[in-house]
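J.: Given next are the chains, with one letter for each unit.
2 protein chains.
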Amino acid sequence: MSHEKSYSIKGDQKLFKIAKAAAKLFNQEGYLGTNMDHISAAAKMSKGGIYHYFSSKDEILYFILSNYMDVILEGLEKELKEIEDSASRIRFIISRHIGLYTQNLPEAKTLLHEASCLPKRHFKVIAEKERKYFQIVSEALLKLFQNRIPKDKLTVITFLLFGMCNWIYSWYDPKGSVPPDELSTLIYEIFMGSVGRLDDNNPER
Amino acid sequence: MSHEKSYSIKGDQKLFKIAKAAAKLFNQEGYLGTNMDHISAAAKMSKGGIYHYFSSKDEILYFILSNYMDVILEGLEKELKEIEDSASRIRFIISRHIGLYTQNLPEAKTLLHEASCLPKRHFKVIAEKERKYFQIVSEALLKLFQNRIPKDKLTVITFLLFGMCNWIYSWYDPKGSVPPDELSTLIYEIFMGSVGRLDDNNPER
Numbered sequence: 231m232s233h234e235k236s237y238s239i240k241g242d243q244k245l246f247k248i249a250k251a252a253a254k255l256f257n258q259e260g261y262l263g264t265n266m267d268h269i270s271a272a273a274k275m276s277k278g279g280i281y282h283y284f285s286s287k288d289e290i291l292y293f294i295l296s297n298y299m300d301v302i303l304e305g306l307e308k309e310l311k312e313i314e315d316s317a318s319r320i321r322f323i324i325s326r327h328i329g330l331y332t333q334n335l336p337e338a339k340t341l342l343h344e345a346s347c348l349p350k351r352h353f354k355v356i357a358e359k360e361r362k363y364f365q366i367v368s369e370a371l372l373k374l375f376q377n378r379i380p381k382d383k384l385t386v387i388t389f390l391l392f393g394m395c396n397w398i399y400s401w402y403d404p405k406g407s408v409p410p411d412e413l414s415t416l417i418y419e420i421f422m423g424s425v426g427r428l429d430d431n432n433p434e435r
Numbered sequence: 231m232s233h234e235k236s237y238s239i240k241g242d243q244k245l246f247k248i249a250k251a252a253a254k255l256f257n258q259e260g261y262l263g264t265n266m267d268h269i270s271a272a273a274k275m276s277k278g279g280i281y282h283y284f285s286s287k288d289e290i291l292y293f294i295l296s297n298y299m300d301v302i303l304e305g306l307e308k309e310l311k312e313i314e315d316s317a318s319r320i321r322f323i324i325s326r327h328i329g330l331y332t333q334n335l336p337e338a339k340t341l342l343h344e345a346s347c348l349p350k351r352h353f354k355v356i357a358e359k360e361r362k363y364f365q366i367v368s369e370a371l372l373k374l375f376q377n378r379i380p381k382d383k384l385t386v387i388t389f390l391l392f393g394m395c396n397w398i399y400s401w402y403d404p405k406g407s408v409p410p411d412e413l414s415t416l417i418y419e420i421f422m423g424s425v426g427r428l429d430d431n432n433p434e435r
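In order, the protein sequences belong to chains A and B.
Following our numbering, the numbering of the first sequence begins with 231 at its first residue and continues without gaps.
Following our numbering, the numbering of the second sequence begins with 231 at its first residue and continues without gaps.
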């Protein structure tokens, strides 16, 4: 079955069941340490059943990452347009990012750890979606700074915000004493507290 | 040759030459994708020569990580004690962290990506050194907040600072338009700009 064909089976719960089981295995054993036998056992499906949906482990990885990036991008620009002030947009972006991350832990961790295992042409598609997401966040930050910030500084600041949000994969337990909404608030406070210093002309602070 | 014995050969440049070549390979091919033949070719030494210093690939990985963590910890507490105000201590920590990272890119990336490949007893040693580092940074932050911050919030804030500093492995080019000292300043400004918000009683801001 071709990769494209597997994508046309929308709403097929089995597709997502396989992908979820595989993502968990990739987290535990690494992509290279996982094979189709492991995925078959974890998804409680025969290998033949798995191959009905995916022709290879690569395809499963691509499905997981592509699908997660689509979830991240879906409706984001529209939602941002509906928010009037630029500080609230940043708050929304942070809490949405942390929320999606904590609701899709295996997929998010797979994205951060295993994307480089994708075959080149698939990697490019994922990288393009990531670039799109980065671009949207970066534009929201540019508005926060009222366009008065050099491009390379804006890029660094965008990455530093992503750093706080993404590094959580290495330490954060959503079930621990700091729930996701408190974590989002802390990131927002750290980030926004500094905006006046980074651009002294900004009256929005 | 036992691991302990290999550590007693201090100042042996060959040890570090092998480790540097291996760290670069681990970055490019992953730890699992690298074998002793690759390391031998990259270090331009015979396999017999490599085995004179390291009995296995595991041992090379452990040497790289242990050595890098020692570099990070060496003299840190003493240096911090010599700095009088708590904000300058944070500035020092950030710029030292970014400096060591950019001067030891292959080792730093290996630490962030491959530490989990270590055998358990060696992993524990590295994790203990990382905990020690975290503890030192966390204590410096506690002083910045004049002890007036709950422990779980302090832990989160420490991790968020590490997030900005460590996530750079995924995007930062030390030879790009933003040099390491500018990057450090931006991280410091973002982080410190918020301190007043996180603890309104703090007069140090």
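Any given hint might turn out to be false.
A pair holds if it fits inside one copy or across any two, identical chains being indistinguishable in the list.
[As the list claims (entries may be wrong)] Straight-line C-alpha distance at most 27 Å; calculated DSS-like pairs for lysine-lysine: (1) Lys247 / Lys381; (2) Lys359 / Lys277; (3) Lys308 / Lys247; (4) Lys287 / Lys383; (5) Lys244 / Lys308; (6) Lys247 / Lys311; (7) Lys405 / Lys287; (8) Lys247 / Lys373; (9) Lys277 / Lys381; (10) Lys362 / Lys277; (11) Lys383 / Lys244; (12) Lys274 / Lys362; (13) Lys250 / Lys354; (14) Lys244 / Lys274; (15) Lys339 / Lys362; (16) Lys339 / Lys354; (17) Lys350 / Lys362.
Bear in mind the hints are in silico, worked out from the structure with no lab data behind them.
J.: Run every hint past the structure and note whether it holds.
T.: Tested hints:
For the homomeric pair Lys247 and Lys381, neither the shortest alpha-carbon distance inside one copy (42 Å) nor that between copies (39 Å) is at most 27 Å. For a Cα distance limit of 27 Å, the shortest separation of Lys359 from Lys277 qualifies neither inside one copy, at 31 Å, nor across copies, at 43 Å. For the homomeric pair Lys308 and Lys247, neither the shortest alpha-carbon distance inside one copy (30 Å) nor that between copies (53 Å) is at most 27 Å. In this assembly of identical chains, the alpha carbons of Lys287 and Lys383 never lie at most 27 Å apart, being 39 Å within a copy and 40 Å across copies at closest.
Proximity of Lys244 to Lys308 under the C-alpha cut-off of 27 Å is found in neither arrangement, the shortest distances being 30 Å within a copy and 58 Å between copies. Proximity of Lys247 to Lys311 under the C-alpha cut-off of 27 Å is found in neither arrangement, the shortest distances being 34 Å within a copy and 54 Å between copies. In the homo-oligomer, the alpha carbons of Lys405 and Lys287 never lie at most 27 Å apart, since the shortest distance is 31 Å inside one protomer and 37 Å across protomers. Proximity of Lys247 and Lys373 under a CA criterion of 27 Å is satisfied in neither setting, with 40 Å inside one chain copy and 48 Å between copies.
Within a single copy, Lys277 and Lys381 get their C-alpha atoms no closer than 50 Å, and across copies no closer than 48 Å, so neither meets the 27 Å cut-off. For the identical chains of this complex, Lys362 and Lys277 are neighbours neither inside a copy (35 Å) nor across copies (46 Å), given an alpha-carbon limit of 27 Å. Proximity of Lys383 to Lys244 under the C-alpha cut-off of 27 Å is found in neither arrangement, the shortest distances being 45 Å within a copy and 41 Å between copies. In this assembly of identical chains, the alpha carbons of Lys274 and Lys362 never lie at most 27 Å apart, being 36 Å within a copy and 42 Å across copies at closest.
Taking the closest pair of Cα atoms, Lys250 and Lys354 come within 27 Å of each other only inside a single copy of the chain (22 Å); across copies the shortest separation is 30 Å, beyond that limit. Taking the shortest Cα distances, Lys244 and Lys274 sit within 27 Å of each other inside one copy (11 Å), while across copies they are farther apart (50 Å). Taking the closest pair of Cα atoms, Lys339 and Lys362 come within 27 Å of each other both inside a single copy (19 Å) and across two copies (26 Å). In the homo-oligomer, the alpha carbons of Lys339 and Lys354 lie at most 27 Å apart both inside one protomer (19 Å) and across protomers (22 Å), since each shortest distance falls under that limit.
When the C-alpha separation of Lys350 and Lys362 is checked against a cutoff of 27 Å, the pair qualifies only within one copy, where the shortest distance is 18 Å, while the shortest distance between copies is 40 Å.
In summary, the structure is inconsistent with hints 1, 2, 3, 4, 5, 6, 7, 8, 9, 10, 11 and 12 from the numbered list given earlier, while agreeing with the others.
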